[in-house]
Structure formats: structure tokens, C-alpha cells
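Q: In order, the protein sequences belong to chains L and U. Using my numbering, the letters of the first sequence correspond one by one to residues 1 to 329. Using my numbering, the letters of the second sequence correspond one by one to residues 1 to 329.
Derived by calculation from the structure, the hints in this document are not laboratory data. Treat the hints with care, as some may be off.
[Said to hold, decoys possible] Examples of chain U residues toward chain L, derived with CB under 8 Å:
1) 140
2) 147
3) 158
4) 211
5) 259
[To be verified] Reference listing, derived: stretches of chain U covered by chain L, where coverage requires no fewer than 3 residues with Cβ under 8 Å from a Cβ of chain L:
6) 30-42
7) 59-73
8) 269-281
9) 288-298
[Stated by the list, open to error] Cβ-Cβ distance ranges computed for the label pairs, FRET-style:
10) U:319 <-> L:257: 40 to 48 Å
11) L:11 <-> U:76: 30 to 38 Å
12) U:128 <-> L:295: 54 to 62 Å
13) U:124 <-> L:295: 34 to 42 Å
14) L:67 <-> U:84: 25 to 33 Å
15) L:177 <-> U:298: 50 to 58 Å
16) U:319 <-> L:295: 52 to 60 Å
17) U:236 <-> L:326: 50 to 58 Å
18) L:131 <-> U:296: 21 to 29 Å
19) L:292 <-> U:76: 25 to 33 Å
20) U:124 <-> L:67: 50 to 58 Å
All C-beta atoms, glycine included, are put in the ideal place defined by N, C-alpha and C.
Number of protein chains: 2
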Amino acid sequence: MKLGRISRDGIDGPEARLVAVLPEQGRAVDLRTAERLRLVGRGATPEAGTRLAAATFPGSMTSAIGAGPAFLEAAHEALTRCGDDASLDLEGLTWLPAVDPPVMRDCMAFKEHLTNAAARLGQEVHPIAYELPAYYKASQSSLIGHEQVVPWPAYTNWMDYELELGFVIGRAGRNLTPEQAGAHLFGVTIYNDFSARDIQGREMQLNLGPAKGKDFATAVGPWITTVDELDLADLDMRARVNGEEWSHGNAGSIWWSPAELIAYVSWGENLQPGDLIGSGTVGRGCGLELGRRLQPGDVVELEVAGIGVLRNRLAQPEREGREPTPRPR
Amino acid sequence: MKLGRISRDGIDGPEARLVAVLPEQGRAVDLRTAERLRLVGRGATPEAGTRLAAATFPGSMTSAIGAGPAFLEAAHEALTRCGDDASLDLEGLTWLPAVDPPVMRDCMAFKEHLTNAAARLGQEVHPIAYELPAYYKASQSSLIGHEQVVPWPAYTNWMDYELELGFVIGRAGRNLTPEQAGAHLFGVTIYNDFSARDIQGREMQLNLGPAKGKDFATAVGPWITTVDELDLADLDMRARVNGEEWSHGNAGSIWWSPAELIAYVSWGENLQPGDLIGSGTVGRGCGLELGRRLQPGDVVELEVAGIGVLRNRLAQPEREGREPTPRPR
């Protein structure tokens, strides 16, 4: 199943709604509406149908996934019984980030990206990268969805994309082995880890990882495809800028498997439903590796087989905000 | 006002409740209860009183702060009118993390800590540290409250504490100047950034910042003191281990002010109510700077004047979880 989040206009303003997406039919089914209709069709009062449907299909993907297997079971039931009556044209929908993760981590799970990044600095891949599937923690404050505009902060002149997979966690866990961890994967989405390379290069010398270099925007979507529909060993991955293909890779080239990443995250930590783990960039999956830069107004499309196309346009640069006042030496 | 979160047993299990804390009286007032009593006293039905009180005082501090000035106004009103009837003995309460932040960042705002850390590596403070108040993003998955046990992950033999302030954000903002940013500070809590120095030293060589070295536990509490009650230029800060004082500093020695930190975070990013910004370690505020290490079972107390004492005991080491299988060279 393909599950996404859209914004619809309600009486009190925009409301987040979960949808099941049927791309081949050009339709998306509002799951709360479908569930309400199903319940009312079985004799529920409209009030009870609305209340129960809202509990099963909240606006938060994390809250929905938190219900466990009951969530997907209910989605299948709603879709089968009343999908037609609750369906919307895919065109013209307002997409939200497919997930609203409690914690968001981004790994470096493709070796070719590490090799290329190290080569640019005249180095080899660090020995510790062979021992630990390292990650940084991303920020949920600037998550954007499919077709949402990418803010261009005033502090950067060097904008880049990163072509990644986003692994969405289905259930809680701690200290999992890789053999156990695979079952904790709910689905996969497309993850564009937009990067401001100039400030990223400065701040990362302070050894705390990327912050301003990444946190202005991360695009996640257009939706999640559940794991049962995907062969993670073979997913074609492409990036296009203004229609021109810049990157082409495959999920099968991953160095640390999704199960290994999930197990590592859970080591001494609480893995939570809705957590999002970025794979890191597939080999040659960003402009940095290709010697190319994005410009304001560029349209970046990331396509992953079995999921879809995540498309975002870059805004014009902001002028607001202020460079910190340097401390005296 | 001092505001915290506790867990109380409800019919369906533990419930998070917001409390106003009166340390000098040894009491904490359950704000939802006080508000319900106040409303019923003014003629609300019990059902309406319960419903309205739950909306004003949810279990989430972030949700409560999101109401804007109405939250503190309602807390004052509830406390003044019905505080006595809703009060609990401070002894024996089960504390939760004082905040449940959407995004959690941790800075390096005290210069002495940077100087000491650099000196240990035979270096000087990096020139870029004079230009940017760098931060890493912490993880909300392992937040713990006052008196909660600190898990000791299997992967570390070198445990440390860090004596920090936690700045809690009161309202949204973007691209703020330092002159504007001060008004976005809601209150201050105590922040113990527990650290596993061995794995931290390994993973940080990969340039993504700390992850396993920090994310197993961060203690936040015992509560938040609102800014109107604090002089941020002079707050005595102490750390004790098993009753012995290890660290002593003052908030006034901060190198980047809270307003500067908040402004920097908001540069090209959406600051959100409930966000938590750690100050970084005060000078000599961790065992690393003192050549000392924590042991299983140790009790760490962080005390900050005007706030209180945040006390946590270290667990025995976990045995679960698995070291990643190294990739072949």
C-alpha cells in the first residue's frame, strides 16, 4: 500500500489527512472519509462514524502507525469497502511530508558516496566507517512534502540535493539484532536531504555534525510504500534537475542494510513507531559528487522505483536573518 | 513560575500531568485538577470542566506552551484560585522530562569548556568557534526526568555527565535577530547531557557529530523556571556525584548569550514552541575536563540556582544489543 499525507481545507483551516494512493488510477483515497462511510454503512451514527474514523486515521502518520497492525488492516478495509466514495483526483492535492517522525536520523549507508566524498578531500574512507554505520540527527522543523517549495536560507550560495531512501519504522524496539530489526521496518519513502555546502563545510569542522547546512529543508515523500510491495535489493534511483538526469543509482548498492541500520539505531536507544532513518546518499547522488550546483528556481525530482517521484522547486534566497557577531579573539 | 511534568496513575494507565511547583512549600499543584475545580466552582458542569481543563493543561508541555500567553495566564489563575485543593506532596512524585521538545539542539556556548576540550587534544579553540555558535541535534527518544534511572548501554565503559542549562522556547519565529530572540525564551531547565565518551570519540571522527555517544539518555528537569524569575547573568551551577561536588560554574560565564543562540537557531529555520536548546557544558562541568569517570550506580545531581536539583542514578550496564559487523576492507 502507498500511504501519504495531504492538507485539506476544513472549517477551521487546513487539516492533515492520511491518504492511500493509487497512482495507476490517478486517485488518492481519504482514509478517514472512507472509514467514516464504511462505519455509517454498517449502522454507526454519523457522529460515531466520524469519531471512530478520526481515531483510526489521525492526521499524524506517526500516531497512525503507533496503532500497530490494526492501522494497515483498517486502511485495507476502508479502501476495499468505501475507497471509491472517498477518492480524490491525484492532481491538485496539497502534499504534506509523508511522515512526521519523533526522531529523524540520516546515515551514510552507501559506500560509493563515502569514497567520492573522501576523494574530494584527497583522503580514503575513514577506517571507523568500516566499523559503525554512523548517522547524524536531522531536524523535523523544516520537513517539507512533495511539491512544497524549498526555502533557500540567506546564509548559503551553494545549494545541493541528496538522493536517498527514507526508512519508516513500524514498531518500537531496543537492542535489536539485524535479524530482528527487519520486521520493524514499516515502509520506504524518498528522502531529499537538501544541503547548503558552504556553511556545512564550515560548521562540520567544529565536530558536532551538520546543522545549518541541512536543517533548512528536508523533503520526504511523495508517500510511503509499505515493505511488502518493495524489493529493497533492487530499486532504481534517479535524480533530475529541471528535467535533466543528474544521478542514477540503485538501492541494491547499499553497504549497510536497512536491518543493520535499524539494529544499530536501536542499540541502547528506544526505536519508536514513525521514526525516520535516511539511508544517506546513493553513489553519485548529489551535486557535490558531480561538481554541479543548484540555482534558485531549479526543480529537483527524485524518483525511486516502486515509490514514485518527489518533486520540489527551490525558492529565491531569503534576505532575512543575521550572521552571528564573531567573538573577539 | 516553576512548571513540570509528572506521571499519575489513571484508569487506563499512567497519565502525564502538568504541575506548578512550589518547592518552598513542598507542594506541586496538578494544574488540570486545579483548573477543573476552578471551572466547576464557577458553574461549569463536571464534564465541561474536565474537558476544558484537559485542553488548557494537556500532558505535553510543548502543546501547553503552544497556546501562547494564555497558558501562563491560565496557570496563574488556576494556581491562585484552586491550588490548595489540587496540591500534591512533592515527595514521592514520579517525574517526567520537564519538556517534550519537537526539536532538541545542544550548543557549545561556554568558552571554558571548548578551551579545556581542545587542550586535551593539544589544540587551541578552532577559529570557526569564534564565528558560529555551533550545535548538534540531540534525540528525544531517550529523554528522562528527575529521579529517573539513566540507562547504561552495553557499548560503553566510559560514562560522563555534562552540567548545562536547557533553554525552552515559548513561541515560533524565523530569522530572528538577537534583539528579538530574547522574547522567545519561555524558561530554563537543567540539562544533563549524559555522554559515553569512548564511542563518542570513535563516531565523531566520521564528522556527523555525536549519536550513540549521547542519545542513550538526556535528563531534563526537575522542572522549568519561567524567565521572569531568573537572572540569566548570574545563576550558580553545581554538579555533585554521590554527594561530592565535582563541578562549580555560573551561567554568567556564557560566551554566546541565550538570545544569540536562539537567533542563530532561527536563521533559515522554524523555531517552534517547546523546542529545547542546551547551552553546552559550563567550564569544568563534566568529568572529561576533570579526568574523572562515572560508575554504575552513581548518583549525579545537577543544581542550578533559581531552578532546583536534577538527580539521576546510573543503571547497571545493559548486556543486550550487538556491535555492528565490520565491513570487509
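Q: For every hint, state whether the structure bears it out.
A: Going through the hints against the structure:
The interface hint given for residue 140 (chain U) holds, since its Cβ lies 6 Å from the closest Cβ of chain L, which is under the 8 Å cut-off. Of the supplied interface hints, the one on residue 147 (chain U) is violated, with its beta-carbon coming no nearer than about 19 Å to a beta-carbon of chain L, more than 8 Å. The interface hint given for residue 158 (chain U) is broken, as the beta carbon of that residue sits about 14 Å from the closest beta carbon of chain L, more than 8 Å. A distance limit of 8 Å between C-beta atoms decides the matter here; for residue 211 (chain U) the minimum to chain L is near 6 Å, and the interface restraint holds.
Evaluation of the residue 259 (chain U) hint against chain L yields a violated restraint, the C-beta minimum of about 11 Å exceeding 8 Å. For the segment 30-42 of chain U, the stated coverage by chain L is violated: 0 residues have a C-beta nearer than 8 Å to a C-beta of that chain, whereas at least 3 were required. With 0 residues having a beta carbon nearer than 8 Å to a beta carbon of chain L, the segment 59-73 of chain U misses the requirement of three or more and the stated coverage is violated. Chain L is given as covering the segment 269-281 of chain U, and this holds because 5 residues of the stretch bring a CB closer than 8 Å to a CB of that chain, at least three being needed.
Check result for the segment 288-298 of chain U against chain L: violated, 0 residues qualifying (beta carbon to beta carbon below 8 Å, three or more required). Residue 319 (chain U) and residue 257 (chain L) have their C-beta atoms about 24 Å apart, which leaves the hinted 40 to 48 Å range violated. Distance hint check for residue 11 (chain L) and residue 76 (chain U): the Cβ-Cβ separation is about 32 Å, which falls inside the suggested range of 30 to 38 Å. About 27 Å separates the C-beta atoms of residue 128 (chain U) and residue 295 (chain L), a value inconsistent with the hinted range of 54 to 62 Å.
For the pair residue 124 (chain U) and residue 295 (chain L), the supplied restraint of 34 to 42 Å holds, since their beta-carbon distance comes to about 38 Å. The supplied range of 25 to 33 Å is broken by residue 67 (chain L) and residue 84 (chain U), whose beta-carbon atoms lie about 41 Å from each other. In this structure the supplied range 50 to 58 Å is violated for residue 177 (chain L) paired with residue 298 (chain U), their Cβ-Cβ distance being about 30 Å. Separated by about 53 Å at the C-beta atoms, residue 319 (chain U) and residue 295 (chain L) satisfy the suggested range of 52 to 60 Å.
Taking 50 to 58 Å as the suggested C-beta distance range, the pair residue 236 (chain U) and residue 326 (chain L) does not conform, at roughly 29 Å. Between residue 131 (chain L) and residue 296 (chain U), the C-beta spacing of about 25 Å keeps the proposed range 21 to 29 Å intact. About 57 Å separates the C-beta atoms of residue 292 (chain L) and residue 76 (chain U), a value inconsistent with the hinted range of 25 to 33 Å. Range check, residue 124 (chain U) to residue 67 (chain L): about 54 Å between beta-carbon atoms, so the 50 to 58 Å window is met.
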